[in-house]
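Going line by line, the protein sequences match chains A and B.
Residue numbering for the first sequence follows my numbering, starting at 1245 and increasing by one per position.
Residue numbering for the second sequence follows my numbering, starting at 173 and increasing by one per position.
You can trust all of the hints, since none of them are fake.
Here are the simulated distance ranges between beta carbons:
1. Gln346(B) with Leu1419(A): 22 to 30 Å
2. Pro293(B) with Tyr1256(A): 38 to 46 Å
3. Gln346(B) with Gly1376(A): 17 to 25 Å
It is worth saying that the hints were derived from the structure and are not from the lab.
Each residue gets a CB set at the ideal place from its N, CA and C atoms; glycine is no exception.
Next come the chains, spelled out residue by residue.
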Amino acid sequence: MELRLSGVGHSYAGREVLRGVDLEVPEGQIVCIVGPSGCGKSTLLRMMGGLEVPAEGEVLQVGHSPEGCLNPLTFIFQDFALLPWRSVAGNVSLVLEDHPIARAERREMVADVLARTRLTEFVDALPRQLSGGMKQRVAIARALVVRPAVMLMDEPLSALDSQTRELLMDDLVNLWVRQPFTAVYVTHNLAEAVRLGHRIVVLSRRPGEVREVIQLDKPLAERGYGDAELEAQQKHLWDLMRAEAAAADAELVGG
Amino acid sequence: MRSLSVDKPEQKVAFRGGGFTFQSRRWVGFLVFIMLLLLAEWGTRSGVISPLTLPKPTDVFQIFVELYSSGLLFQHLIPSLLRLLVGAALGASLGIAVGLLIGLFSFVRAGLLPLVAAIFPIPKIALLPLFVIWFGIDEGSKYALIAFGTFTPTVVATFAAVDNVDRTLIRMGQSFGLSWVSIVRKIVLPGAMPGILAGLRISLAIAIILLVAAEMLGAEFGIGAYILQAGSLYDLERLFAGVVILSVLGVLVSAVIGAVERRLLDWRT
Ligand SMILES: Nc1ncnc2c1ncn2[C@@H]1O[C@H](COP(=O)(O)OP(=O)(O)OP(=O)(O)O)[C@@H](O)[C@H]1O
Ligand SMILES: [Mg+2]
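Isolated chain B, as found in the complex (with noise of 0.2 Å):
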């Protein structure tokens, strides 16, 4: 064999099974991150970008300084922070709550489905003067909004998560003469986590936005009020310092859905 193939070409085969799978590189996001405000600290300060258009990365980090020497940044953000907390928590818990009753029983399918279909498209923030007058102007607005708002998707993912469990495992759990709590619990709330998390992941960016919305609407305190107030002098500095505020309250919330997953969902591959 090995004579024969003396003067024929060899040629090692070629590899082209690269790409199309999942490799973790945290550092390209933070250089890309990196890379663009350098960019705008550079086109500001040499004047290709007029101070009109963008402010200065450099002074925007100033105003950051100033607002934590001064107190003010607290001032803002932990009622922020608590609006957020107990809206979503409300919101989301609800949510999960009726995902899961819908997902059950095919009566409360067949009575909440349309409800949820007619509420879902309705955008909350139009709602907040109603929810002024049934909740008062201070936080209980501003809570109903922000729980209204992660209701709906997170009914939606749930239930669609439900709908999802793999059946023959519900058959073994009766097979076995498991109790309808138990295979609830064991069965179809772990096997419907993972859409579950996936929908929170969408609801609770909804409630950042919503924050934000009812903040704008009477609030003094807090990260849209705040917003709104550098917005109307237009002081970009203080506005894209608010920004700013509102991206890492996006990235942090992210990161926590991430350290839930990585916690409960450890059982995918």
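Pulled out of the complex, with its shape left as it was, chain A reads as follows (with noise of 0.2 Å):
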């Protein structure tokens, strides 16, 4: 399934957030979207989820859903959003129990899905007893159980140190190597984007409007922590970044 957006506008309380975005998000593909602080993204993002609905312009989904699709369009948040009181497993299977699946398939697609993500070991965990990257995991197993067509992720590795981040990321690309998925990535992070990004668009500051789509052709399998074609891009994305952060930056929060 695709996404595409066009001529997409939003305001909040008279403040113009999201100018005329034109978007698309070919299927298998994983775009990331960069951009200054308060420019939008996250916006961007629940209207595409359809937990907002644009001002301006439409959001539409193009195509089929695959095969046993419970949940199209699934977010990663970048707090985990993990129900504190219901283990690992219970956290899984949350979002399969409104589902007409039986107790048994429920409870052995759960058991997949936590292996596919490693986390078999920490069935019976509590969110509390588990570390950042581990509930992010956790997050991704939840996502990944519900077979979505596109995967919404806002900041998924924000919140975390930078080494876990690594690991998450190789995580995210073998997941991908071994079964593509299409999915929004919107991130801070430059490196995140060069590194996961298909496609890496940039905005501009508030109110957001599509600065540049870079298109990266490397295979994600390929690109590894400290590639010198991946620095250069990240050094051209920062270029064109620096100038709009350093305003946005300036600006009165609220303003």
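Now that you have both chains on their own, put them together as the hints suggest.
Right, dumping it as structure tokens:
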């Protein structure tokens, strides 16, 4: 399934946040969205997932969801959003419980996805017992279990330390290589963007407009930590963003 | 490096990070209690405290033994417990239900919140005559009084707890397409549970106070009636025996809620 945004614009209380955003998320690819703080990245993502309605323009889903898909547009949140009163397995099975799936099959699906995200040992652990990286892996498992058509990730790694981030990026790459998924990945971190993105969309500062779209053709599996080609791309991105970020930073919050 | 510090003074870094953390020290409370009892016993025996001021603890204990052996204890205790149970269960469950509705629907909130604010400060005891007319002089009016008294604080605690449920968790539920019922049952209710239980602690203490008040106004049996009888005769031993029963009841209720909290809220640190 693809996502297509045309002319999306939005304002909060008279303050324009997004303006004329055209965007395409092709099937089987990861589209990264970068941009200065407050430029409306999260807002854009919420619109793609149906948690908010754009004031202008429209968000279209094109094509069919994959076989057995339970929740086509699935979020992974920055702060994990795990239920603290449910175990790892309970948090994953939560999103299956509203679907007519037999108990045994549900348990199998949960076990399978936890194995894929290497969480099998922690099935019965509560979120408070897990490290940040582990929590985000649970959230990723929860997203995978519903077989999403498009994954919507809002700075999924930014609450984690840089080592854990590297590990989780490898995890995401491995998951994608084994079974390509479609994703929109919002981030502040340009290194993450050049590592995971097939396509990188640079937004301007508020009101967010598409400034540039960069296509990265190097296969995900071949991108590694400290890759010279990626560094060059990252530098190019930073040059694009530098002035915007500085200007955005100097603005009064809420001004 | 080592040679440099040879003649400089060495000092261990002093620990200053103590205190301000909660540690379980059950025995301290118990010890304070025993000390007070011993003090009272010593005071009344030696005459420092006159018998008109405070009864001798051993005498009060004697009363208990009599109460128990004559079977009078349960004759008073069982109707009281029944009233407390029925009244508090009614008030708390209604309170939680209404609190949830106020927390979940803005229409209900707009409609009921002023009403709750208006009812909250009314001393419920003042309404007992009204309840007697509405529900009869028997158990009905007592249940109603206790239920009404537990209702309002439970409502307030519950909707405040619902307001405090992490919105990102609700967003998460919506983003996975969970049904409204599932979101309420699996996200809102457990998330509000700590606040609801904290509110119940207060509501149930109020229920005990109202129980006694109700029993003082027209009951043959019950702890309140027993205390009233003793009080009108200035029988301090009996009065204190009744008060002790109430305190024990309070401690028991608190312990029950503590147990429920440990069971339901074991996910908290
Ligand atoms: N629900 C809301 N009501 C009012 N204003 C909002 C709301 N959500 C976001 N905003 C405002 O809209 C602007 C864009 O917010 P958004 O969260 O989309 O930015 P962002 O690009 O994700 O920022 P960040 O990089 O800090 O996460 C900000 O100025 C924010 O204050
Ligand atoms: Mg954001």
